[in-house]
Each structure stands twice: as structure tokens, then as C-alpha cells.
Amino acid sequence: MKILSCHIENFGKLSDCNIDFSDGINVICKENGWGKSTLAGFICAMFYGMKKTKVQNVRDNERKLYDPWQGGSYGGSLEFETAGKTYVVTRVFKAKEAEDVFELRDKNTNLLSNDFSAKLGEELFKIDKESFARSIFIGQNECETFATDDINAKIGNLTDDTGDMNNFENATNRLDVKINRLHNKKKTGSLKRRSEEITEYKKKIKDSESLTDSMESTKALLDGAIKKREEDRKKLEEQRALQIKITKLQESLAKKENIDRAKNEVKAKEEIFDEAKAMFPGDIPAQKEIEDTIRICEEMGDAITRRDMNLFSTKEEDEYEKLDRRFDGEIISDETLDSYIEKSKYLKGVYETREKQKLTEEETKKLNALRNIYENDNENVLDMIAEWERRNDKKNEATNLSQNIRLMENSKELKPKFPTLLALGVLVMLGGVIGAVAGSALDIKGLIYAGTLFLPIGAVLAFIGFHAMRRDKISLAEATRKLDDLKAHEKEANDMVATAEKNVRDYLTSKNRFYDEYRVVPFLQEIAIERREYKLLKEKEERFAKPEEDKDIESIESDVTQFMEKYALYDCSPDDTEALFNLRSDVTNYAHLKKKKDVYDKEKNNILTLRRETDEFLSGYGFETEELPHATLKKIKEIYTDYKTKEQSLDEAKERLKEIESTVDADALREAGEAEELADIDSVNSEIKILEENVDADKEEIAIYENRMDDWREKMDELEADKEHLDRLNETQEKEKKEFDRVCAASQLLKQAKENLTLKYAKPILTSFKDYYGMISREDASVFHIDADTKITYDEKGMQRNTETMSRGYQDMMGICLRLAYIDVMYKDEKPLIIMDDPFVNLDDEKNVTAKEFLRKISEKYQIIYLTCSETR
Amino acid sequence: MRFLHCADLHLDSKLTANLDSKRARERKTELLNTFVKMVDYAARENVDVVLIAGDLFDTNKISVTAKSTVRAAVENHPDIKFLYLKGNHDNNDFISEEDEIPENLLMFDNTWKAYHFGNIDVYGIELDKDNSSVASDALVCDSSKFNIVMLHGQVEKSAVKDKAERINISGYKNKGVDYLALGHIHAYKKEALDARTTYCYPGCLEGRGFDECGEHGFVIVDVDENTGNYTHRFIPFAKRHLYELRVDVSDCNDSISMQNRVEECIKDAGIKSDDLIKIVLVGEVDVECEKDENLILSKFEDSFYFAKIVDETGVRVDIEDYLLDESLKGEFVRTVLSDESMDETERGEVIRIGLKALAGEEI
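Residue numbers (this note's numbering), protein chains in the order written: chain A, 1 to 873; chain B, 1001 to 1363.
Derived from the structure by calculation, the hints contain no laboratory data. All C-beta atoms in this analysis are idealised placements derived from N, C-alpha and C, irrespective of residue type, glycine included. Some hints could be false.
Said to hold, decoys possible - Here are the simulated distance ranges between beta carbons:
no. : chain 1 : residue 1 : chain 2 : residue 2 : range
1   : A       : E739      : B       : N1229     : 57 to 65 Å
2   : B       : A1187     : A       : N173      : 47 to 55 Å
3   : A       : E652      : B       : D1099     : 53 to 61 Å
4   : A       : K206      : B       : A1017     : 20 to 28 Å
All chains, full assembly: derive it from the sequences and hints.
As C-alpha cells, then:
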């Protein structure tokens, strides 16, 4: 790979500058300040572009460093050749990296090329910009180098594009970050932090180990307090029992005094009671007996009064005997009497009605006369009159028809007409024929003409005549038919008239009337009136004669008559209502007298019975009998009331005694009697009060211990939670520890792998290095060694030493040689260009000479862009 | 007579091992609600006695809400007897000294106590380090009756001295016990002890962590008082289920294909959106396989009540691929593989990390 030319538009101090490059070494020897380093930076920028950075230091901020001094478009173009093709890359740098312009054209076609992207440097050299600066680009005073990841990757030729060697650093960084995050020694590490947390929890749990003891001791205290409370409660119960006992004994003593008092009272009451009892000569009747006897005595007085009130006068005595004989003790009820009175009234009504409905003698005679005529007559006289009216109409009609028939028979219509016109027509035609024939025969033209003329005239006349004849024939037939019809009608009318006349005549005859054509209607009207009269009389007769009704009336008549006769109402008509009213008056009178007599008899017997009872009571209890012992009984009642009052008073006194005795326990009473010395109730009360306070205090103490137990339980729960948390922490710690070990192992083994890998390529690097070193220094290069990190050391005084201890010139020389060694190993096929910005500035003159030889030698393999300010170098 | 046997409800559990504080609070409430629903179920199904075989609560200090909820559930069902035997997580905090114990709440202590229900006796003892090894010796049952024994602890085949929560199960052989109602193990288990005796752990009511996957609920025991015969059935009752889904991603080369594989496995397992899932990636993946756990998880985080992912995959390194690789990567792999201080798994992991670093990926 080589660059062919470049055009710098504006880049640092360089502006509108064109430079061509050739194969081999290209020495650009310019004075200080010309812009050699800028040119080197330009070439670098053409391949890699420029990163935008926020670094303010101009030396570390290449965009600022190469900002065109004179302004204008910032950038340029570079022509290069690789893999047999020539390209032109153009870059324009803007304020922002994203706005930078990149363009790549194929030189041969001048078309835009996609063979490389904006990451041209990386794609061409397979190394990043830093690696470029560490190998291909050898800046002034920057000869020292080391192998970057990209260099290592390129050295190893492990991959063309994105080899994993390039990622080693990132991978180790990532692993280190993870290690740091997990670390068990560093404060930032979760293992360390968790370890501290675990220690803390362990301590907390250890500190809490005494919790169970504390809880148990509190439980013991609680149990003790409960036990004490039970003991105090027991004592309290005992004292309360003693208190009750003392109270009961005191109550028993008081009750004993009450009993004695009650007994004395009973004794006094007994004496009073005995006095009251002595007022009775015999046994003591019951209160009810006394009251019943007083009531009987009062009843007896009332009975005497009622008996006297119902005593008969002489008149009443006679009256009663008379009625009693008639009714024999029977009191006819009002209902029965009312019923017979109603029946009697009914019969009376029936008799009156019958009288009104009965036929008179004249009416009976007439009815009998008419019955002979009209009994079986069913004719309707009015229909007959109507038929007679129709007969009259038909008779008139027949008369009219007869006249019309005669008129018709005499009219011409019924006579046939002679066909005159037809005959005339025939004659005229005949005359014409004859005239024509004669005229022809005679050759008389006038006759021919006349004959010819008569012929059609005759035809016309014959035709008209023929039609007239036909018309006449039709008229005659019509008239004949009409005449026949009239005759038929006449006959029909006459038949009807004859029938009607016969019927009327027969009817009138049957009703004793003669037939007179002109009196038929009045006769028929008379008959109609007679028939109506017959009908009315017949109905009256029928109404009066009702055999069933008569039967009922007879039954009622018989019933009423029997009833009347039973109570001595002989010769009375059943419709004699008045007699029945009188009977009712007698019955009422009899009932009144009978009732009075009954009461009298009843009261008389009653008085006897009552007297017997009072006598039995008085004599039974030792009292004297009296007719009306009301006053005695009243006195007995008073004595009895007094007796009962005394008795009640005695009973109450006994009851009180019994009650008092029942409320006292016999044993307690005995104890009370025997008790010589009772405990002091006040001291017992005081003891109870103290014990109650003790129990309350016990309760409070129990509550305190229960609260404390609650606290311990809460703490135990916390301890359990802490233990669970610690388990979880240990589990996580264990898991993370394993992960930490694995990540550490991965990190360590990855580094080891990298070393193993690079070690394989250290030898070719060292060989190249020694060649180049010998080329410049002309010294023995066997003292140099290379380590797995491709770092160079050298033997001196029995030890491998770092090149940092060497002089600046040697360090530069070694750096240049190492870079070349890297490039040799990195680029086996197509060799890249090498840019050298005055690298030998620190070499002495002797080495500057050999360096030139070195340059010549390497320019055989590489295109060298050698920038210097001194022609001697 | 019908018994409901439950245990290890662990009400008031913190549940913060997997869940964030909001979800943990929500799940805590769910645990309490499931208990209340279980009691409602008991009432509905005419259960006579509820046997709570320990660890009703989880914490030393029980919250007021949990206390009052449990108390209300007991008091609201006076027809049901609640036999509560405390477990190693329970303490006396539930009923304080001054509280009145509901009439239908029957409790036990560290000596044998029996409750009688006609022809059925229920015995119980709260085990501690002093009584656990000798408890079975002190038990005397009327073998003519149906006998239930409540205990809370881990079944051991032989006696373990001075250790609470250990049940010397052999000691209960031929004691006339019909049903050992146990608690402490969080998964359902039923096993015959001898010809007459069966012991049963109903498991916890709700799974709380991924060590409690599978069905959870309680047991219904129907005892015929006359014949002494009984039936036993497990009732799954948990609101949510926990699943640990192990997904072999050996043949996956990137996160997306792993996501798809996980999705297939979830579908096959029939996991519902209400459930909690722990995805465990297993198998051996290629050392250069791209695998981002967070990316894989992101697809499922919102599809379930809770989802987490754990990578248990090994790394597969084919040495043939790197033998002739003249690159830093090849050299690195060879260097690691030749390091005998690590085992194969470690070497694989180290290679994976190193290659990720070289590829510029986040480690």
C-alpha cells in the first residue's frame, strides 16, 4: 500500500498545498515551522478522520490543533494505491464530527467507491488510530511504543476485521468492573458489603440469644404473678366467706329476738280469740252458712209479700172457676188465636167476593140461549165480512168484464179485412202485362210504354197490399186472445162470487138469519156482537165455578168451625171474627188469673221450705227458732265477724312467727345461741380491702408481664425475621462468592490466554527487532528479550532490565526498531507506508549515519514518508 | 359423627421470602380468609368437631386481626367444637389470662387430656422436650371406644430423647388408637401404623413457599359411633397453588427459545393465573448460548400471581470446537479446560463468563 499524492486545502498552517509521493523513501526536509508534523497529521487525518473531543488543551485536541490558520475549507484529499487499485480520499472537517464530509473515488473511473468506508484507516491497516500512532506513524519524540490490542491482534494476524484480541482490553475491563462490583475486600464490592451485613446480623442474632432466657424469666415472673394472684384470690375468698359467716350469725341473733317477740304476740292473740269463740253456744257456723241463712230469711220475707199480693178476691175466684171449666187449664197461645182470626177474616173476604162474581138469572138465561148457537162456532165473523167485501168486488169486476166482452165481440177487430190493395196491385200488373203484350203485338208503342209503366206500379201496390194483409191477420189473433182472457177472468170472478154467497148463506142460516144480499154485513155484525156477549158470560160463569178453590175453603171453614166449637162457640159462622176476638179476651183474662193463682200456690210452698231451713240452722247451732229470725241472724253475723277478725289476727301473728323461724338456719340459730365470741367484722372487712387491693395489684403486675411477654414475642419474631434474613444473605453471599470466584478465574485465565497467544508471536518480533537494532546500532542485539506483553528487556549486569532505564537516544532507537518489528509481523502481505516525523532527532551523529542506511534498507520494503528539518538526518 | 382435621395453618405468616410487602400482606389476609372459609365449610357440611393439630398461628406475637378473626369464627359456630392443640409455632398469646375462653373452644396442655363425644374419645397432648419421649407410655385409651389422638410433631420410628416435636410413632402401636390426627408436616400424608391405627397429616391449608407445592387442604373423618367404622377423605381447599416447574432448556440457544419452552411446560402443567410459579431452568446449555433470566421471566411475571426464575443449567463446552481455534477465545477455552483446579461445572461457568466478556455482553 502506498500514497501517491495529496492536496491540502486548509489544515493547520498548510493551505492549498500539493505533494506527490513516490515508492521507497520520500524525504520532506523542511525548516522548522514549515508544517511537517501538520503534514503527518494531515495524512493521518485523511485515513482516520478526526475525533471530536471536549478536551480544551490544544495539543490533545487535534481538531483545534489543525484548525486552519487562515480559515476556509478544513481538509483536503489524498491519493493512494492498494491491492492494485488507486483511490482518492477527500475529507472536509466541520464544526461537528457528524457533519464531516468523506468521499472516496476510484481514481481510474472517478466514480464514488464503496470499497472502504469513512473508517478508511481501520479498514486499510486493520488497526485503530492509536495503534496506527504506535506503529506506522512514528512521531517526533514518540518513538517509544508498546503493543496495543489492535497491534497484538494484527501481530497475531488473528482476524482480518474484528478479531477477539481487539476486545481483550474491553473484556478484562468488563470483568474487572464485575470483580469490583462483587469484590469481597473492597468497600464497593457487594460481597464485602454483604459480609459486613452478615457480621452485623450474626452479632445481632448472637446478642438476641439471651432473648429466650429473658422470655423464660419473664414467663416465670408472669407465672409467679399469676400464682400470687390465685393465692390472693383464695385468701380473699376465705375472708369473704368469713365475712358472710359473721354477717349471717349477727342476722341469726337478731332473728332470735324477733322470734321471741312473735311468740308472745301469738299467745296474747290466742286469749282474745278464745273470748270471741265463747260467744257461740255450740259449734261455730261457717260464714257462708250464716250468710246463706240470712239470705234465706230475706227470701222468706219476700215470699210472704209475693204470696199476699197474689191472693184472689171473691169475684176473681168466680171468674177463674168459670174460665177454668171452659179452658181446663189450657192457655191458647196468641199465635193460634191470631191464626184462626186470620182464617176467619179470609173466609169473610171469600164470601163477599163470591157474592159479587155470581151470574144473574137473566145472564144465566141468556148464556144458555147463546150457548146453543155459539157453543161450537169457530168461524171468524170478521174474516167472513172481509170475504163478503171481496165477493162484492169480484161481482163488480165480473159485470165489467161481461160488458167488455160484449163490446169486443161486436167490434171490427174480430172480423177479417179484404186485401184491397193487393188485389189492385195484381190487377195493375196484369193490366200492364196485357198492355205490353198487346202493345208489342200491336206494335203500339204507347201501349207498350203504358204496359211497362203499369207493371212496376202494380208490383209496388201488390207488395204494400201484401204487408197490410199480414198486419191485419196479426191484429185479429191478438184481439181473439184478449177476448178469451176476459172470458176466463169473468168466469173466475163469477165462481168466487158463487162460493162466497154459498158460504154466507149457509152461515147466516145456521145462526137463525135469512140470506139477503144487501143485509149480509149487518147480519154478520150482529152475530159478532152476540158471540162476544156469549164469550163474556161464559168466562164469568167459569170464574165463579172453581171446584178446587171450593175444596180449600171448605177445609178452612171446617177447621175454624171445629176450633170455635172446642171453646164453646157454637152456632157461630166461621167468618164470625168478632166471636174469635171475644175468645181472645177470655183467654187473656184466664191466663192472668191462672198466673196469679200459680204464684200464690208457689210462694206458699216456698215459705214453708225456707222456714224449715232457718229453723234447722238456728236449732243446729244452739239458737232459738223464730218465725222471722232476721234480727237473731244479724246478731250471729256480728259475733261471727268479730270471731273471724280475732282468728285472723292470731293467724297473722302465727304466720309472722313461722316466717321469722323459716328464715333462720337452725344450725346458724344454734351456733348463734352457742357463739361465745365472734370475730371482729371490721377487721375482716379491712383484711378484705387489703386483699382486694393485692388482687388488683396482681392484675396490674400480670398485665405488665404480659406486655413484656408481648415485647419479647415481638422481639422473637424480629429475631426469627433476622435469622431468615441472615439465611437469605448467606445464600446470596454463597451464590455471589461463587460467581466472584468464577469471574476472577475468567479474568485471570483470559489474561493468561492472551499472554499465551502473544507469546507465540514474540519470537518473530524479537528477531525483527534485533535485526533492525543491529542495523542502526551496529551492536550485539542478543542481550534483548521480549515478554508476553511484547515488552523489550535487556541483560545488564546479570539482570533483565527495562528499556526505560536506557538513554533517550537508545529508547528512541529501540522504539523505532520495535515498531518496525511490529509492522514486519503485522503486515506479511501488502506492506503499509511508514510515516516518520524526524524520529532520529535524539540519535548521535554516528547513529544518524546508520539510521540513514536503516532507512534505505526499509524503504526497499516500505514506502517511507520521512519528515525532517535537518539534511544531516 | 363428623370431624374436620386440619393443621399447620400458620396464620400471620410474614410471607416475605418471595413476595413483596404488598403481596405478602394480601397473601396473609388470604390465609386468614381460607381459615374462615374452612370453618364455614364445616358448618355447611354439618361437621361436629374441628381438630386443629397445631401451628394455627405462625408468629410469637399474633396480630389483633388474626386473633379476633379466629375468635369470631369459633364464637359464630357454637354448635361446632373446636379442639385446638398448640404446635411449636403457637404460644399462649391467642387467649390472654384475662380473656374468657369460648365454650366451644377446647384446648390441651402438656399432659394427656381427653374430650368425650359419646362413643368417641379425643385425646391430646402438647409435646415438649420433657414429655415427647414418654408421652405414648402415659396414654391409656378405652379400646372399646373409637379413639382419636391429636399430636403435633415429626414422626420418628424410634424414641428421640429430649426433643420436642418428635413423635415416637412406634409407641402408639397397639394402644387402641384408631386415628392419629397429626400436624407439623406441611404435605398430606396417611399411613397405617398397625391393624387398627392410622396416622394422618392433613398438610397445611395454603402453600406459603415453593417448598410447599402441590394440593393443600384438610381431612374429613366420618365415624360411625355404633360400629366404630370410619371414612376418611382429603378436601383440597387452598385458594392458590404453588408450582416448581423444572424446564429442560438443553437444546435452546437463546432466551426467546427458552421462553417458548417454558411457556409450553406451563401450558402442559395447567398452571392458572392465580397461582405462584417458580421456573427452574435445568439441563446443559451450550457455552455460547445467549440466556437472559430477566428477559425469560419478563414474559411470565404478569401472567401469574407471582413468578420467579432460577437458573440451574450447566454449561456444555465442546472442546473440539476450540482445539484449532487460533483466536483469543480459542486460547481462553483451552486455557480454562486445562485448569484442573476446577471441576467441570466450574470450568463451564468460567468459560461462559469469559466468552460473554469477550463478546461485549453484560456479565
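Structure-based check of each hint:
A hinted range of 57 to 65 Å for the beta carbons of A:E739 and B:N1229 is consistent with their spacing of about 60 Å. Checked against the given bound of 47 to 55 Å, the beta carbons of B:A1187 and A:N173, roughly 50 Å apart, stay inside it. The beta-carbon spacing between A:E652 and B:D1099, approximately 55 Å, falls within the hinted interval of 53 to 61 Å. A hinted range of 20 to 28 Å for the beta carbons of A:K206 and B:A1017 is consistent with their spacing of about 23 Å.
In summary, this structure violates none of the numbered hints.
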